[in-house]
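Asks: Here is how the chains run, residue by residue.
2 protein chains.
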Amino acid sequence: MDDDVVDLAGLAGRITRPDPGTAAAARERQRRLTKPAGALGRLEDLSVWVAAAQGRCPPRDFARARVVVFAGDHGVAEAGVSAYPQEVTGQMVANFLAGGAAVNVLARLAGATVRVVDMAVDADTPADVAAHKVRRSSGRIDREDALSRGEAARALAAGARIADEEVDAGADLLVPGDMGIGNTAPSSVLVAALAEQEPARVTGRGTGVDDAGWMRKVAVVRDALRRARPHLAGTATGAGPDVVGLLAAVGGADLAAMTGFVLQAAVRRTPVLLDGVVSGAAALVAHSVAPDAAAWWLASHRSTEPAHGVALDRMGLTPVLDLGLRLGEGSGALVALPVLRAAVATLAEMATFEEAAVSDRGAGR
Amino acid sequence: MDDDVVDLAGLAGRITRPDPGTAAAARERQRRLTKPAGALGRLEDLSVWVAAAQGRCPPRDFARARVVVFAGDHGVAEAGVSAYPQEVTGQMVANFLAGGAAVNVLARLAGATVRVVDMAVDADTPADVAAHKVRRSSGRIDREDALSRGEAARALAAGARIADEEVDAGADLLVPGDMGIGNTAPSSVLVAALAEQEPARVTGRGTGVDDAGWMRKVAVVRDALRRARPHLAGTATGAGPDVVGLLAAVGGADLAAMTGFVLQAAVRRTPVLLDGVVSGAAALVAHSVAPDAAAWWLASHRSTEPAHGVALDRMGLTPVLDLGLRLGEGSGALVALPVLRAAVATLAEMATFEEAAVSDRGAGR
Chain A
1 MDDDVVDLAG LAGRITRPDP GTAAAARERQ RRLTKPAGAL GRLEDLSVWV AAAQGRCPPR
61 DFARARVVVF AGDHGVAEAG VSAYPQEVTG QMVANFLAGG AAVNVLARLA GATVRVVDMA
121 VDADTPADVA AHKVRRSSGR IDREDALSRG EAARALAAGA RIADEEVDAG ADLLVPGDMG
181 IGNTAPSSVL VAALAEQEPA RVTGRGTGVD DAGWMRKVAV VRDALRRARP HLAGTATGAG
241 PDVVGLLAAV GGADLAAMTG FVLQAAVRRT PVLLDGVVSG AAALVAHSVA PDAAAWWLAS
301 HRSTEPAHGV ALDRMGLTPV LDLGLRLGEG SGALVALPVL RAAVATLAEM ATFEEAAVSD
361 RGAGR
Chain B
1 MDDDVVDLAG LAGRITRPDP GTAAAARERQ RRLTKPAGAL GRLEDLSVWV AAAQGRCPPR
61 DFARARVVVF AGDHGVAEAG VSAYPQEVTG QMVANFLAGG AAVNVLARLA GATVRVVDMA
121 VDADTPADVA AHKVRRSSGR IDREDALSRG EAARALAAGA RIADEEVDAG ADLLVPGDMG
181 IGNTAPSSVL VAALAEQEPA RVTGRGTGVD DAGWMRKVAV VRDALRRARP HLAGTATGAG
241 PDVVGLLAAV GGADLAAMTG FVLQAAVRRT PVLLDGVVSG AAALVAHSVA PDAAAWWLAS
301 HRSTEPAHGV ALDRMGLTPV LDLGLRLGEG SGALVALPVL RAAVATLAEM ATFEEAAVSD
361 RGAGR
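First to last, the protein sequences are chains A and B.
If you're matching positions, the first sequence starts at 1 in our numbering and goes up one per residue.
If you're matching positions, the second sequence starts at 1 in our numbering and goes up one per residue.
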């Protein structure tokens, strides 16, 4: 794939759904396990989803779950929409690399590894982390475009390339993480634009702004939303939104890269465990051009950011957890990963009625 | 403790609450970690709870999480309240011992171990499993007492003794599991009695009975509830219910043992991860004589059994997961255990703002 161009229609056309035959086999195996039918609730559905995604029944445990944290700064932070100063983005990237952040701790515990990608941090980062960097920070989206179209296209392509790199290296579960002071503002704008919601409906407190900060943020979302609308014109005609234009106008390089990442994961038939509102917004952008891609994504949790629930509802995704999380980084996905592993293990390892000589009278109900 | 007598008032009087000083230290440490205050939502509360229970900040990961599955048959199964025949209880005990059941698979995955205790299975089980066995099956609670008072007292004492054995052997987290065809019927009766609810409000489909079975079950719960009421007379006078009489009339040896188990865990200052409606009902019985004991219990999930939600609400416990589980065995608790470990790990292992040189401007909000 060329680094500067991403053929979204081509990508979308290459996405197929998880294997229905394997899903049927997994449902049948669930019925034979030594438990009442349906007694493991959502775990049963999750096990079927993993089996279908892997094309293998019983499914196998994830051997290489991989978090990619897309870091970027946002010019909109100048508008006073975050409780934290912008330099925290770069400081947190250093914290990720030192292994001290929540995503590191949770990844170790859940048996996943973490890669950090600097897409637009307003600070210098190590060369390998900055290999796909598009620019430093972004334009204030309430007044100007976040990126040029070229930058947005490059970021999209970089995200897709990173997904390819990870799948080629053996990743069998991908988690898009995020880091960037101010990144819930563009996420809220993207969700409001694509789900046709009012600014106040999608604007949350991010890292924890006070009431005055929240009101400033609503105004920013409102102004940016006005700037987003021209890129949605194709939606009415069925052509779909101008995704590159939308991400350039009100997104950012991190959001564009995450969009390419979750799209390409679907092309590569690799399941994705979404995190919070930022990965949810990127997924919604991807969904607007490739609805079938959502069949490869699982919503790990519902965050307290209101735009997150809106995005998940729009994509028809039901979150696994609801624990009041709002950290990002991929942290919520990593809290849910053991639940997904539990789903896989029960389908793969439990004895059947026949194997255990347990009466299955009643199991057919 | 004498095997035949359990001094409930004495037990209740020996229960103290988790350490408030350690809880305060844990809350303060949470504020210094490299994340916005509150961003890990429920995980932060869970980490504080574990720290207070352990009297140690930062808390440490559970070294010996232990599931004890209390198995017993119930005469009420004759009334056609289950989708499965009664012999499944003994068959499932064999399945547990062979390692093929959901509880075994989930325990391996979550780093816990499983002990099976036969309190009243209507089949022969190995000598070590049957060491605390009180009788085979129980009376049909819609028509007669489940147990004699002596049997109920012995089962209560056995449960407390098992908790002592496990804590003495190093268990630092206890999970009460259940196995017994028909066991959701007495559980529903106990919850209806103590939470003053109508039969239809607390009666679920257990392993999956059809509509006719559900209506039979409601009638059984109604009749048993009438038999339960005399044992609640003390509630009005403040003396509390006659717990031994209540468990003898409408409980069972498994439920009585679980009641003693969760009470003694609180006496021993050992956190308990409750499972579904059966352990929830036993906990509610224990709570009726020792409300402070609930400070040592965490609700792992909300099952689809309606009595479960009623019991948790009554005890003021908020479930961690809501995944439509209804298997029992301790399975739901084991799905939640990794979430609890995640809470502990983030508090114990994340870098502080100072350690990571990250700006905490805004963290105080």
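The set of hints was computed from the structure by calculation and includes no laboratory data.
This one's a predicted model, so the numbers in the text were calculated from it and none came from an experiment.
Among the clues, some could well be false.
[What the hints assert, rightly or not] These stretches of chain A come out as covered by chain B in the derived footprint (C-beta under 8 Å, 3 or more residues):
#1 78-90
#2 100-111
#3 261-271
#4 283-290
#5 329-335
[To be verified] Here are some chain B residues the structure puts well away from chain A; computed CB gaps all over 12 Å:
#6 Arg14
#7 Gly100
#8 Arg108
#9 Arg136
#10 Gly206
#11 Gly238
#12 Asp322
#13 Thr346
#14 Glu355
Glycine included, C-beta positions come from ideal geometry on N, C-alpha and C.
Asks: Run the structure past the numbered hints and jot down the numbers of the failing ones, going up.
Replies: Checked against the structure, the hints that fail are numbers 3, 4, 7, 8, 10, 12, 13 and 14, while the rest are satisfied.
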